[in-house]
Amino acid sequence: MSTRESVPLLRVQDLHLDFGGVKAVDGLTFQVYEDDVLSLVGPNGAGKTSAFNCITGFYKPTGGSITLHGTDITRLRPSAIAARGMSRTFQNLRLFGELTVLDNVRAGMHLRLRQNALDALLHTPRFRRTEREATDEANRWLDFVGLRGDRGGLARNLPYGEQRRVEIARALACGPKVLLLDEPAAGLNYGEKGELLDLLQRISGLGIAIVLIEHDMDLVMQVSRRVVVLNFGREIADGTPDEVRRDSAVIEAYLGRDDDEEDEEMMSHE
Amino acid sequence: MTTNLATSPARARALFDRIQQNRYLGLVGLAVALLAPFITATNYALSVMTSALLFVMLAVGLNIVVGYCGLLDLGYAAFFAIGAYVSGILATRYGWPLLATVPVVIVAAVVAGIVIGGPTLRLRSDYLAIVTLGFGEIIRITANNLTITGGPSGIYGIPGIMLLGVDLSGPVGLYYTCVVVVALAVLGAARLGRSRLGRAWRFIREDEDAAEAMGINTYRVKLAAYIGGAIWGGLAGILFGAQLSAISPPSFTFLWSALILMAVVLGGMGSTPGVVLGAIFISVLPELLREAADYRYFVFGILLIIVMIFRRQGLWPARAVERQSRRDRRRAEEQDVRKAEEVVP
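Sequences listed follow chains A and B, in order.
First residue of the first sequence? That's 1 in full-length UniProt numbering, and the numbers climb one at a time after it.
First residue of the second sequence? That's 1 in full-length UniProt numbering, and the numbers climb one at a time after it.
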């Protein structure tokens, strides 16, 4: 909380995204501070992933602004945003399946490897050194996320839970200041969720701010410092997990949808 | 019995992997190319082998674009034509030695790569293929209509290659020149493929959005692939002019682009040994089928279909498995045993 008064690392201001007549994101505003762990929650279709895609440059927002470190990144291409210190994972796991696990993680290091085409053609000492460093660092990140399994093998041959870890390792290898994770617990079993919680805490311990989209309320309540609740593209609550849990608008949004499984999850933590 | 069935293909694959990863594989290929004229050195055989080498160079060049980066280019002959015409014009009209045209051809290829790639690389897959097809035809038709390119009759009297006063224009000299140049071209393309840039190409091929999210400017990296392909094609064009001493627009039809692409796909996209093999296959097979006379291309076509049905991944597919150093492997195994909790990079 002490960082509250300082300048936010990431500031999303009045973000709008329309698809034709549909308002996917409708005036979303939130800030992420250094070493923050912020969760975006909300019913399906609330605009969480759309907001992520705007923030990381994949969608061009129809209104509002996004600033990272005080610089406006609203209209930049995704790679330029990544270069400024924001990396992400995808909801439906977007690994490079036909490439090795190590290569997947090396992708994150692309921007930091000081090596040009001439180095590669001539196999200069610099080429060898940078390649060795890349391998070492990729291995370290895979250690960090606790990957089990063959690192020299194809990414698609890993079990699902391990693939999730590789995706996080790849995002970490970008050297982000803000890490956006889109439903990292989806498809994980109970034990793996526990390991994810531990991993998120260790990532936070590295001084990386985390923005999380997650449906698993257990995880959200345990890991988040702040929770932002969206419904129909609009922000309906922003506060600590305890504040949000007691928020009447949140309870209404969740209780209004009886058939939604998140209701029960939400209720069970009341 | 079941174990036998299960292990023997696996063992064969392991052996195959070992051969494929062998660092001396390239040297073996080079030795074969160097020694081939000692088996047969008729003018005909040398010309077939020289053509095969040029084909190899074109195929590894196109492999950068199609195999590594996954951009379907149906107009690759355009770069080949640009190289051949630029060097041919400088050599015949301005009397430049062929070697002196090399830097100019490289510049022309880079410019052509940017001009053609710049607008088209914003498109994806099928659309890109159609636009490149169009550009391939534009280059050929332009050459057909300009006076400087000699119109439909093209350019003739392109001199052979002279190096430090040594005349390399004879069939033997040209063949060995091609061996050296093509060997370097194959090595260079393979090395690029294993570098930071080569990895970025593969990331784009696998998932363009994910690559972009990792900070890779996909537009620039795709353009780099295009420029790389253009340089390889352009340099092959110089050798082509030197070999035939005459070039004309029909040398650069869509059929060429299609055959080069076929070599890449047949050999195994993204695999250097595969693409080399594919190119030799495509260029030499019609010659070996001369017996079949008029049915030559018919048999050729049937064979291609058969190969593609039974070996869709190519003759020698790319190997994506990486052998780790012993140290890294041991560390990873330790990791498997105890879950690292305290390791912080």
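Be aware that a few hints might be false.
Straight line, CA to CA, 20 Å or less: simulated SDA-like cross-link-like pairs of lysine to any residue [to be verified]: (1) K60/A with L111/A; (2) K60/A with G151/B; (3) K177/A with I236/A; (4) K60/A with N217/B; (5) K60/A with G29/B.
What follows is a list of derived Cβ distance ranges for each label pair [to be verified]: (6) L27/B with R114/A: 28 to 34 Å; (7) S125/B with R84/A: 53 to 59 Å; (8) T42/B with N116/A: 27 to 33 Å; (9) A186/A with L304/B: 40 to 46 Å; (10) N116/A with G134/B: 28 to 34 Å; (11) R312/B with R128/A: 50 to 56 Å; (12) Q222/A with L27/B: 57 to 63 Å; (13) P103/B with R128/A: 26 to 32 Å; (14) S125/B with H16/A: 51 to 57 Å; (15) P119/B with H16/A: 53 to 59 Å.
FYI, nobody ran anything at the bench for these hints, they're computed from the structure.
Just so it is clear, CB atoms sit at the ideal spot from N, CA and C, and this is done for glycine as well.
Hint-by-hint comparison with the structure:
Using a Cα cut-off of 20 Å, the hinted pair K60/A and L111/A is violated, with the two alpha carbons roughly 23 Å apart. The straight-line distance between the Cα atoms of K60/A and G151/B is roughly 48 Å, outside the 20 Å bound, and the hint therefore fails. Proximity of K177/A to I236/A is assessed by CA-CA distance (about 27 Å); at most 20 Å being required, the pair is judged violated. For the proposed pair K60/A and N217/B, the alpha carbon gap of about 17 Å is at most 20 Å, so the pair holds.
Proximity of K60/A to G29/B is assessed by CA-CA distance (about 51 Å); at most 20 Å being required, the pair is judged violated. For the pair L27/B and R114/A, the supplied restraint of 28 to 34 Å holds, since their beta-carbon distance comes to about 31 Å. A beta carbon spacing of about 30 Å between S125/B and R84/A contradicts the range 53 to 59 Å that was offered as a hint. At about 45 Å, the beta-carbon gap between T42/B and N116/A misses the expected band of 27 to 33 Å.
With their beta carbons about 44 Å apart, A186/A and L304/B fall inside the hinted range of 40 to 46 Å. In this structure the supplied range 28 to 34 Å holds for N116/A paired with G134/B, their Cβ-Cβ distance being about 32 Å. Hint check: R312/B to R128/A, Cβ distance near 36 Å, so the stated range 50 to 56 Å is violated. One distance hint, 57 to 63 Å for the beta-carbon pair Q222/A and L27/B, holds here, with the actual separation near 58 Å.
In this structure the supplied range 26 to 32 Å holds for P103/B paired with R128/A, their Cβ-Cβ distance being about 29 Å. Checked against the hint of 51 to 57 Å, the pair S125/B and H16/A fails, with Cβ atoms roughly 31 Å apart. For P119/B and H16/A, the hinted distance range of 53 to 59 Å is not satisfied, since their beta carbons lie about 31 Å from each other.
Checked against the numbered hints given earlier, this structure breaks hints 1, 2, 3, 5, 7, 8, 11, 14 and 15; the rest are met.
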